[in-house]
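Hey, can you piece these two chains together into the complex? The hints should help.
Line by line, the protein sequences are chains A and B.
According to the numbering used here, the first sequence is numbered sequentially starting from 31.
According to the numbering used here, the second sequence is numbered sequentially starting from 460.
Hints listed in this document are in silico derivations from the structure and should not be mistaken for laboratory results.
Ideal Cβ positions, reconstructed from N, Cα and C, are used throughout, including at glycine.
Mixed in with the good hints there might be a few duds.
[To be verified] Quick list of the computed label-pair ranges, beta carbon to beta carbon:
#, chain 1, residue 1, chain 2, residue 2, range
1, B, Lys594, A, Asp378, 35 to 41 Å
2, A, Asp308, B, Pro527, 55 to 61 Å
3, B, Ser538, A, Glu411, 45 to 51 Å
4, B, Leu1013, A, Asn191, 50 to 56 Å
5, B, Gly968, A, Asn191, 53 to 59 Å
6, B, Lys594, A, Lys158, 52 to 58 Å
7, B, Glu649, A, Asp166, 46 to 52 Å
8, B, Lys467, A, Asp166, 45 to 51 Å
9, B, Phe473, A, Lys326, 51 to 57 Å
10, B, Gln638, A, Glu411, 36 to 42 Å
11, A, Asp308, B, Gln638, 47 to 53 Å
12, A, Glu337, B, Gly968, 27 to 33 Å
13, A, Asp405, B, Pro527, 34 to 40 Å
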Amino acid sequence: MIEKKVLLNKLDRGEAILRAVKMGSEKIVSLIKDSELRGRGGAGFPTGIKWERVLNQSEKERYLICNADEGEPGTFKDRILLEEYTEKMIEGMIIGQIAIGAKKSFIYLRQEYKFLAEKIKNTIEEYKKLFGDKVDFQIDLRFGAGAYVCGEEFALIESLNGFRGEPRNKPPFPTEKGFKNKPTVVNNVETLCNIPHIVLNGASWFKKFGVKGCYGTKLFSVAGDVEKPGIYEVEMGIPLIELLEHVGGVDSKAVQVGGYAGTTVVPEDYYKTLCFGDLPPGGSIIVIGKNRDMGKVLENILEFFLEESCGQCTPCREGNYRLLEGLRLLRDGKASIKYLKTLFTLCDVMKISAKCGLGQSSPNSFLAIMKNFKDEILYNER
Amino acid sequence: MSEKIKIKIDGKEFEVEKGITILEACKRFGIKIPTLCYHPDLTVAGICRICVVEIEGMDKLQPACAYPIDREMSIKTHSNKVRIARKTNLELILSEHYGDCYTCVRNGKCELQKLAADFGIDRYIFPSVTSPKYKIDNSSHAIVRDPNKCIHCKRCIRTCIDLQQVAALETANRGHNVQIQTALNKPISEVICINCGQCINRCPTGALRAKDPADEIWDAICDPSKFVVIQTAPSPRAAIGEEFGYPPGTCVTGKLNAALRRIGFDRIFDTNFAADLTIMEEGSELIERLKRKLVEGDKSVKLPMFTSCSPGWVKFIEHYYPQYLDHLSTCKSPQQMFGAIIKTYYAQKIGIDPAKIVTVALMPCAAKKFECNRPEMRDSGYKDVDYGLTTREMAAMIKEAGIDLHDMPDEDFDHPLGLGSGAGLIFGSTGGVMEAALRTVYEIVTGRPVPFKDLDITPIRGMEWIREASLVMENVKPEYKFLEGVEVKVAVAHGTANAKKLLRRLEEGKLDYHFIEIMACPGGCLGGGGQPIPTTPEIREARARAIYEEEKRLPVRKSHENPEIKQLYEEFLGKPLGELSHKLLHTHYTPRGKYFLGEENVL
Chain A
31 MIEKKVLLNK LDRGEAILRA VKMGSEKIVS LIKDSELRGR GGAGFPTGIK
81 WERVLNQSEK ERYLICNADE GEPGTFKDRI LLEEYTEKMI EGMIIGQIAI
131 GAKKSFIYLR QEYKFLAEKI KNTIEEYKKL FGDKVDFQID LRFGAGAYVC
181 GEEFALIESL NGFRGEPRNK PPFPTEKGFK NKPTVVNNVE TLCNIPHIVL
231 NGASWFKKFG VKGCYGTKLF SVAGDVEKPG IYEVEMGIPL IELLEHVGGV
281 DSKAVQVGGY AGTTVVPEDY YKTLCFGDLP PGGSIIVIGK NRDMGKVLEN
331 ILEFFLEESC GQCTPCREGN YRLLEGLRLL RDGKASIKYL KTLFTLCDVM
381 KISAKCGLGQ SSPNSFLAIM KNFKDEILYN ER
Chain B
460 MSEKIKIKID GKEFEVEKGI TILEACKRFG IKIPTLCYHP DLTVAGICRI
510 CVVEIEGMDK LQPACAYPID REMSIKTHSN KVRIARKTNL ELILSEHYGD
560 CYTCVRNGKC ELQKLAADFG IDRYIFPSVT SPKYKIDNSS HAIVRDPNKC
610 IHCKRCIRTC IDLQQVAALE TANRGHNVQI QTALNKPISE VICINCGQCI
660 NRCPTGALRA KDPADEIWDA ICDPSKFVVI QTAPSPRAAI GEEFGYPPGT
710 CVTGKLNAAL RRIGFDRIFD TNFAADLTIM EEGSELIERL KRKLVEGDKS
760 VKLPMFTSCS PGWVKFIEHY YPQYLDHLST CKSPQQMFGA IIKTYYAQKI
810 GIDPAKIVTV ALMPCAAKKF ECNRPEMRDS GYKDVDYGLT TREMAAMIKE
860 AGIDLHDMPD EDFDHPLGLG SGAGLIFGST GGVMEAALRT VYEIVTGRPV
910 PFKDLDITPI RGMEWIREAS LVMENVKPEY KFLEGVEVKV AVAHGTANAK
960 KLLRRLEEGK LDYHFIEIMA CPGGCLGGGG QPIPTTPEIR EARARAIYEE
1010 EKRLPVRKSH ENPEIKQLYE EFLGKPLGEL SHKLLHTHYT PRGKYFLGEE
1060 NVL
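The shape of chain B in the complex, shown without the other chains (with noise of 0.2 Å):
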């Protein structure tokens, strides 16, 4: 039990326990303190002013979200003193922001905006920014920076240096010519940037943002000579409703399928069924590591493997650990297999010409955009998925087409390849990919469902920064003797900074875990760089129950039993690491360093 300290807010007494903030403390109580540079998710910099209240015999103000309650103490929150410098602290903010609402991808959903508005400011106090200054960089397949909606409350730079752990971002410069910039301010494309888009998620302006490419998707829907295909990933469907009224963590998918109907898309297929490809050949390359390696000693195998569907996560190690690059799965994401299985075993199936298909995938994610123009994504003849759409620009997209998701009915995707199983449903949150892969790998040894009630791998769950489990191998069949009586230990992490922590200990020669799943960002898919803003820990959470709960309701909940899999497999690929899937379905990884200046210019 902590301390309880006797405290005033405004003239009302109230007890907390000592050592929390006057922000949290006034949350609690339902008194609400403006915010500008605070994020749940971040670490407290204190810096935008805006928060300030004022405490009995102090005669500085201080700010609510980085001052703890460590006394008896009695605070105002709108006295004529906080009232005024918060405003004038906001009209400073406003005069250096180049606010062409209008024209600005966060209009209507802009906190600074929104702070204007509570604040009922209605005119410059100080002379205002009327041009841009700086240039846009627009380098980047994935991130979009527009320094000058920058109102430098570093919130990117506490994501990508203390949440990621990535630090493509910093501060450049003093006093009133600080600027958020990239290591020699680069261009982002060029600097050690993982694409995982979590800094837009955070930024409370436009001053970040993807790279939109509904201009290109909506000129192919309407080219009569194209086909436009879009597959949906799992943590979208969880999302987007959020983007149209909806609480978060209501599942929309019946009615999104409807939408992309209405929208144009010639085909609507789901990449659960993708996630459920994924698992049958990551699967099996699971299994074929642990035989090279413990049955034939191996030694060019590695141990643990790494899951691959995490665009964020790859390039990640491949600047961190390139030395590690062995341990990724050669699999690609799910995204990427669905689109060479698209231009290739689809196309020939109701025989069109790949060149006319586009693809269209719509991810949580800013990284696919990257991952989609990876040189080496082009296995299919073509270029596997043409466009990576995020949740929030699909949204657009649906609002620009004039429907509202509340008016849809729920329609089902396109078949074959519109089937996915619940263990691909689940890739949208952290720890899912191993859940699925588990339920696969243990009855193909075995013959017999994972010993969990209902299937559900509850261990690795949840959002603790690691989760573990282990499996014994009992009574497998014959063909997989050599499994007999191994534990296969497994871990998941999410967010970079804590795969860190994990490749941290495999330097060490502290890992005994056989397979690790890592997502890039914090939660898995359903809290990525291309969800609906704001995405916090309690709207993570809400997205993983609705994704959860859909899954128990799915008739197939196991990938190997996916009948359009079976299907494909019969029909196309032969086998699972067949000749087939290692031209379309695996790939190979660039190392790529820290050090984009080549290790000579390095001091």
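Next up, chain A with everything else stripped away, as it sits in the complex (with noise of 0.2 Å):
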């Protein structure tokens, strides 16, 4: 069940970009949609289509960018292929360019990552030295500054563009106006690390993996109050229990899935699978103990929020604030619990009225832990 079947698998270096210049981008687009790969940064949005929206563009100046600005707590997968699968993600991005008809790529790598800058140089500088004169492509590297919110593709934009990174209003998308305000796309590194395989495996191949709607494989990086953290490379859909199994963390209080923007999950849901439309499968898995004071891990968890708003949006940068503080009233017995009723309201709106990802996913959590543990948080009763 937990085998290294796509993403740690081994790649023969260059023959999927040997095939997609004889494909050309019609062809290649046209296979991705097929394969319905869907994007890895967590919102799961359908990476052929998105592919096709640039390419359909009258404008022929275009961008494709690799979102290697990996922030949600608790994730670390995108390290690993950054470290030691480099070729996958240049391949991907160069496979990518052809497709979309871009000239030029960046990689947007988190200022933390920056060790791992020289190895990510000589790799683009090997692909350009073999395929230089085959494809048109240049990568460059950029990189964040810290800020969680520019993971998220517009802010990564305006970031790039030079700008403070807050999210702009959709429509226009990227895939309209991006970078430069030309048409862009924005890809994770998991993402354009499994293009190479499906350009040489065929789309059906791919399929083979995971459940409908949700195909491939997906990395977990696997974290807490867990006998084996690491990560694990599996197929979508898989239930939360058997990777909880196979790691040693089904004796555990609750699991942090997908980041501190996705969800906490409760032993009575450990039956539910990761994949789109279930358990976030954003790639993070946080294994809460059976010790830890929930009240603690939340306020953790709000505090992250409240310091990573970029602050443009009134639910955002005024609810993140209220939740934490709302929640430590509450602990300290300082307030009703009716207000809790109006928190819980304000979490409502936070979801649908924020700006963008941040906002709107930020209180998953406090829904979830205030629900399943309110009276461990209010009344003390461990």
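As structure tokens, then:
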């Protein structure tokens, strides 16, 4: 069940690129569409459709950006790809450039991964030597400055443009007006690493893995109160419990799935599956041990969002502050249970009216933890 | 023809052009969507989340101000989901806003206050701020910043960065710690703020306001030993009525004079008079520059010449383009010329010690407050203009005195110094200075009126970002032979962002104009930072209409035909650009640069 089937499997260097050159834009895009590959950054948007949208733009100046700003708490799955499978990402980017007709692409690398820069640059050079004459591509490396929100595609683009990293209103989407206001594809590292495998092996091969609507394999970084933390490649759609059994985390109080922006899963729900539409398969699994104080867990999560909200939209800027404040007031007995209801309403409002994914997902854990561990937090009943 | 799309709003069917926003569509059909961070002059931010609406088929709400109608859609503007979201977001903002309404300059005119009333807010849902957390920045002569009242709608930032391209304000920090700050959080007087006050006009709350000298003015009025003179600029009279419930575009010149007299000003003078004086000096300066450049080949003379009436524009060029300061006319603005004349000529004439004269200038402008405090503006031997007062502050003084403009009769200015020509009046609108200058320059040079129907130089009127005109000097008078056949090319731009566009062209050597009028504020003075709030594109148009209509009715429409100007030159100044003019009416500028830390500290 847990095997290195795709991403952590080996790849014959350069073959996918050669094949992609032969295929040309349209065929690559339709292949990726057929594979039903969905973005691995968390939102799960179909990659082929994103590429097709850029390909169909009349504007010829286009860009591809590899989002390597891996910042979701508890996720370190892109790091292994960047470090040990650099060539897969580079191949994915070159193929992506061919597919969408971009002459230039960027890797937006989180500052904390600066130590990987040399390896990445060297790999780019190697590929330039090997394929520079066959494919017109350019890959530049850029660094984030430490803001979590810059993992959001528009905030990332703003940051690349040299502005304050803040999400924009959509539409227009980056596929119409992205970097320098030109059509732009932003793909996660893991998404791009899947590309050469699909090009080499075909869409139906890829669809042998995973479940309907959610194909392929997925990397999960498992951390927390667990016997065997680490990075695991599993097929999409596997029940959480199976992964927990494998890593020794079944005997736990809860599991934070999909990072802090994901949700908090309690043991009764461990049977649920990791795939889009069920438990968020972003890649972060944090196991919370039986002796943990859930109030502190939630406080930690909310402190994170309070600090990482870009602060432009009201629900996120003020809402996260009120949630943290509210938790503390409730825990200290300074607010009534009625105020908890107000905070639940606030959560609902944040989810539907915040400007970007950050503010829309930050209340998830508040809702999950407050609903499941209310007595523990409010009345200290453990 | 743009593509039409069928939409449904609250169940009713409408048809709109593809691409317009939901807010625009709703406005068109009389459906009111509450907004807060939206302003018609500004780029769309979509951050307050007050204008959110529900689009069928989407689980997230969308901001009406930012969401384009790109497909057939059904929109709900007040479903429960929408209503609760709007109200909760408003409650979040209110809790963080130091809502000290009684003591707020925007009491009764605050957009946040109005929203709270509209939403029926009767208590704070979340723990609210009960005491101020931040220091008020009082450092500037013109702008006061109170971060306690800031709600982070970023209208000021979008004004400063996008509309005016000054960029004195930016967002600092993240999340709940977000603050609107100057660079390194320096006092606003120490950064590259040009005092245009456009941010004040767009602030929905009292976080930004002008520095109000009303108390000092009241003290002077009530002090029998002081002789208090007020000059009133052309734009306030076309706008102050708005503060008393008149529709935008109502000129209340006569009523305003009556009100000022009742308040107790000793003399009420017309800044249009000083505008005429400016035209005499500036027009002569232009001819002089043309002569020295075209005839004598003097390379030190710079063309195009820029107007210098707008103190925001002057500070802008001092900061951003100090290398072009020689292009600025050396003429002081009408406000400052007037101050100098009142404390010299007029003081002598009526036999009052200028030390006892207090001059107040009613201006549509925040930057005028800074201008009158410039150290070089004391050529009369005293502070030429003691106080700059905005239209809003004047309205407040009138109300405080228990006066309603509606009840006032029409009264005239005091004379002399109370007669202004139509040319002086149109200084209030973008293009007006240029039009006034052309009327005078052309006639001085050729002896004939400008070749435009009814003297209306329409190519340079309007609200386009730049307007151009050219005039060939034909059959000139003998003393201006050097201008025979010269095509004088002029341009007009308004708003410092447009000034920047022009200056970039100048840098590229692509400008062949002789004379350029620039006003710092969109629309010129009538859209100034001291004018009534709100100021929108429609309101600016209305004020401009009022000014040009009143202009048509004035008996004198050319500066050089103003008899009181003639009298001033005969009795006192001698001639334009004469020795006394140079002493009292002309000035010099200060290269400031963009880097207040000093160039060596800039990375």
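Comparing the hints with the structure gives:
| no. | hint | in the structure |
| --- | --- | --- |
| 1 | Lys594/B x Asp378/A: 35 to 41 Å | holds, 37 Å |
| 2 | Asp308/A x Pro527/B: 55 to 61 Å | violated, 33 Å |
| 3 | Ser538/B x Glu411/A: 45 to 51 Å | violated, 39 Å |
| 4 | Leu1013/B x Asn191/A: 50 to 56 Å | holds, 51 Å |
| 5 | Gly968/B x Asn191/A: 53 to 59 Å | violated, 30 Å |
| 6 | Lys594/B x Lys158/A: 52 to 58 Å | holds, 55 Å |
| 7 | Glu649/B x Asp166/A: 46 to 52 Å | holds, 50 Å |
| 8 | Lys467/B x Asp166/A: 45 to 51 Å | holds, 48 Å |
| 9 | Phe473/B x Lys326/A: 51 to 57 Å | holds, 53 Å |
| 10 | Gln638/B x Glu411/A: 36 to 42 Å | holds, 41 Å |
| 11 | Asp308/A x Gln638/B: 47 to 53 Å | violated, 41 Å |
| 12 | Glu337/A x Gly968/B: 27 to 33 Å | violated, 50 Å |
| 13 | Asp405/A x Pro527/B: 34 to 40 Å | violated, 47 Å |
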